[in-house]
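Visitor: Chain by chain, the residues run as shown.
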Amino acid sequence: MKRHLFPLLLILATGCSSLPEGQPRSSESVRIARDEMLKGIRFDVRGENQVAVRHFETAYGLFTQVDDLKGKIRSSLAVARQYLLLKDPERAETWMTNAGNLVSVYHPELASGLLLIRTEQLFLAGNPDSVLKLEPKNIKASPEITGQIWAYRLLSRDRLRQDFEDERDELESAVEDMADLAEDQPLDDPYALSYCAYLTGWAYYATAEYKKALPFYELAYQEDQKLENLRGLADDVLGIAQTHEKLGKPDLALSGYFRASEMFRQLSRVSDAEDAEFRYHRLRLPEAGAREKLESLFRSSQSENLKFEIRQTLDSPAQDPGK
Amino acid sequence: MKFKFKYTNRIVGAFILVALGMLVTSVVLIAIQQKVFVKKYTFKARFLDAEGLSTSTPIRFKGYEIGRIISFRLNDENMIDADFTVVEEYRTKIVENSALNKAKNPISGTSTIELLQGPDPDRILPEGGLIPAIDIPEGRKLLDEGLVTKTGDVISSMLVNTDRLLENLNRDNNERAGALFRALVNLADASEKLDETMGMITLTFERLNKDNNPQDGALFRSVNNLANLTEQLQTTVTILNKTLASSDSLLTAYSKPEGLAVKLADPAGENFVKPIRQTLDNLNVTLREATELLAFINSQQPEISGMISEGKTTLNSAQKTLEGINNNPLIRGGISKESEQDVQGTKQRPKHTK
Numbered sequence: 001m002k003r004h005l006f007p008l009l010l011i012l013a014t015g016c017s018s019l020p021e022g023q024p025r026s027s028e029s030v031r032i033a034r035d036e037m038l039k040g041i042r043f044d045v046r047g048e049n050q051v052a053v054r055h056f057e058t059a060y061g062l063f064t065q066v067d068d069l070k071g072k073i074r075s076s077l078a079v080a081r082q083y084l085l086l087k088d089p090e091r092a093e094t095w096m097t098n099a100g101n102l103v104s105v106y107h108p109e110l111a112s113g114l115l116l117i118r119t120e121q122l123f124l125a126g127n128p129d130s131v132l133k134l135e136p137k138n139i140k141a142s143p144e145i146t147g148q149i150w151a152y153r154l155l156s157r158d159r160l161r162q163d164f165e166d167e168r169d170e171l172e173s174a175v176e177d178m179a180d181l182a183e184d185q186p187l188d189d190p191y192a193l194s195y196c197a198y199l200t201g202w203a204y205y206a207t208a209e210y211k212k213a214l215p216f217y218e219l220a221y222q223e224d225q226k227l228e229n230l231r232g233l234a235d236d237v238l239g240i241a242q243t244h245e246k247l248g249k250p251d252l253a254l255s256g257y258f259r260a261s262e263m264f265r266q267l268s269r270v271s272d273a274e275d276a277e278f279r280y281h282r283l284r285l286p287e288a289g290a291r292e293k294l295e296s297l298f299r300s301s302q303s304e305n306l307k308f309e310i311r312q313t314l315d316s317p318a319q320d321p322g323k
Numbered sequence: 324m325k326f327k328f329k330y331t332n333r334i335v336g337a338f339i340l341v342a343l344g345m346l347v348t349s350v351v352l353i354a355i356q357q358k359v360f361v362k363k364y365t366f367k368a369r370f371l372d373a374e375g376l377s378t379s380t381p382i383r384f385k386g387y388e389i390g391r392i393i394s395f396r397l398n399d400e401n402m403i404d405a406d407f408t409v410v411e412e413y414r415t416k417i418v419e420n421s422a423l424n425k426a427k428n429p430i431s432g433t434s435t436i437e438l439l440q441g442p443d444p445d446r447i448l449p450e451g452g453l454i455p456a457i458d459i460p461e462g463r464k465l466l467d468e469g470l471v472t473k474t475g476d477v478i479s480s481m482l483v484n485t486d487r488l489l490e491n492l493n494r495d496n497n498e499r500a501g502a503l504f505r506a507l508v509n510l511a512d513a514s515e516k517l518d519e520t521m522g523m524i525t526l527t528f529e530r531l532n533k534d535n536n537p538q539d540g541a542l543f544r545s546v547n548n549l550a551n552l553t554e555q556l557q558t559t560v561t562i563l564n565k566t567l568a569s570s571d572s573l574l575t576a577y578s579k580p581e582g583l584a585v586k587l588a589d590p591a592g593e594n595f596v597k598p599i600r601q602t603l604d605n606l607n608v609t610l611r612e613a614t615e616l617l618a619f620i621n622s623q624q625p626e627i628s629g630m631i632s633e634g635k636t637t638l639n640s641a642q643k644t645l646e647g648i649n650n651n652p653l654i655r656g657g658i659s660k661e662s663e664q665d666v667q668g669t670k671q672r673p674k675h676t677k
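For the record, the sequence lines run as chains A and B. What the first sequence shows, in our numbering, is residues 1 to 323, in sequence order. What the second sequence shows, in our numbering, is residues 324 to 677, in sequence order.
FYI, nobody ran anything at the bench for these hints, they're computed from the structure. Glycine is no exception: its CB is placed at the ideal position from the N, C-alpha and C atoms. Fair warning: there could be bad hints in the mix.
To give a feel for the contact side, a few chain B residues facing chain A, derived at Cβ under 8 Å [stated by the list, open to error]:
#1 Thr575
#2 Arg672
#3 Pro673
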């Protein structure tokens, strides 16, 4: 036995020497992975989910190479979200389970990310009741995640025709936190601030608090300009124009509707463009030629809802602009 | 005549007494002059070196001797700690933030120590206080902060100033040392930049002389593209020439239009010409019928308008009926409302319809 001990030890030592060394965390890989995440978010916002998922999966691969667990969790959740949008629930569930395991074992503080995606999942599936059953109060999260969770809750309340003032206040608080945070450092999800600001403005508009709605729409507009988020910008401009109309500023409203219509046309969002044009001509109705424009829009539009509104406008007696 | 020493003893005694008196007087006068009987106050001083120091080196202020060095020694920091006394008359001249200027006249070889008085004459320095020389850091700081002003004899000052000038001339980046040095530094910087600019100009001309340099700046790319463009233009002109020549031949052929294409495709007129004619005839008949139909529809427009109007009324009634049912408290909320937004992705933004 002793005779074989030395060769065995020699083999063991040789084997150990050939083990890979602990791979140092490469800041370059992390940087590239974060860039991939941002690219994925941009494509997600544009609705190009196939491209977005590729970027998120690349980011996941890079985070795995450097064993960045938080990065792996975030990228897994992002991939899962894209598969949900691509109507592939099985893959989405696999990625969510993957992220959930890492969260429960290593980073329980990132459970909020899971909550957000569960909320999205339920909301997209058309279950606002279930969204409201998820309890977000005790979750510690970044303002981006908190804001988005409250945004989905607010939209769920709206779908159920319920008051959403509590949700709106929480959302507003998250927007303020995000804006403060964004002054010091770039946000992990830069589109979250503009989205949540827009929704806050939208919520105030819904309760006829137009003066409060305007600054949030304008904040969303500023942030979308920074991000060159054309889709968001068009919505922001439309929201601002609607608010100006309600605040009795028809000139500003007209300018906004015109710009919004142009932007929607560029984005090939025809029904939104027609809606903005309808509002534009409706506001100019006392002027000559506006009625003809509305009739022309009535003939060209494919939207029955819009046609109904146009017909109602044309049939109703003329009103002063801004009223 | 016989000389008698009758008063010899008295004369000698008087002589000795006078001599002793003169000696005592001299000693007293010297002591008075040396201010031996005047009360003295001791202070400490610190110098960078002991060059020119002795135990009797006077300390002057405005040309007056106000005290003397009484002892000095090398300390642990390799500086010279000295004690000096100041007579009572000038005690009040020793104020806080004062400094000493030890200067050696290079021609006469004598050393002088001058008191440079601090800015506030009311803040008398306590006895035993330290007064630094201006050649050690503490003293230099007082000088730099303008708390004391350096004076000295003309030759020493000139030598010191010359020394400083030479030192500044050898230093780089000392634009704060005065207008001359600012000008010199600027001149040096300008010459460096000029050198750099010349290098860039040389490089630019080298690049301009090169061909096909796409990785260079926009100007070079433009020049390069222009060169390519002119080459392509030349090619295009050649092709255009050929095309025009071909067109010329074609026009010559079409100058006799006996139905080149028709002859080519359908020499007998059975395949295309006759069927097309027949189709056109049929189309003409159809159009006539369509015109009649449209005229009929036009004549029926009031009825159609009435039908539409009735349909609209019916729809309005149906809408009111449904609204009534919907508002019925018994079944209110029983009908699920239609989703107002088409959610296709995250961060979809709802819009207000009103």
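Visitor: Given B/Thr575 was flagged as interface, is its beta-carbon under 8 Å from a beta-carbon of chain A?
Guide: Violated, because the Cβ-Cβ distance from B/Thr575 to chain A comes to roughly 50 Å (cut-off 8 Å).
Visitor: So, as I understand it, the hint says B/Pro673 touches chain A; can you test that by seeing if any CB pair is closer than 8 Å?
Guide: Holds. Min distance 6 Å.
Visitor: Grab the minimum C-beta distance from B/Arg672 to chain A and call the hint holds if it beats 8 Å, violated otherwise.
Guide: 4 Å, holds
Against the hints set out earlier in the document, a violation occurs for number 1 only.
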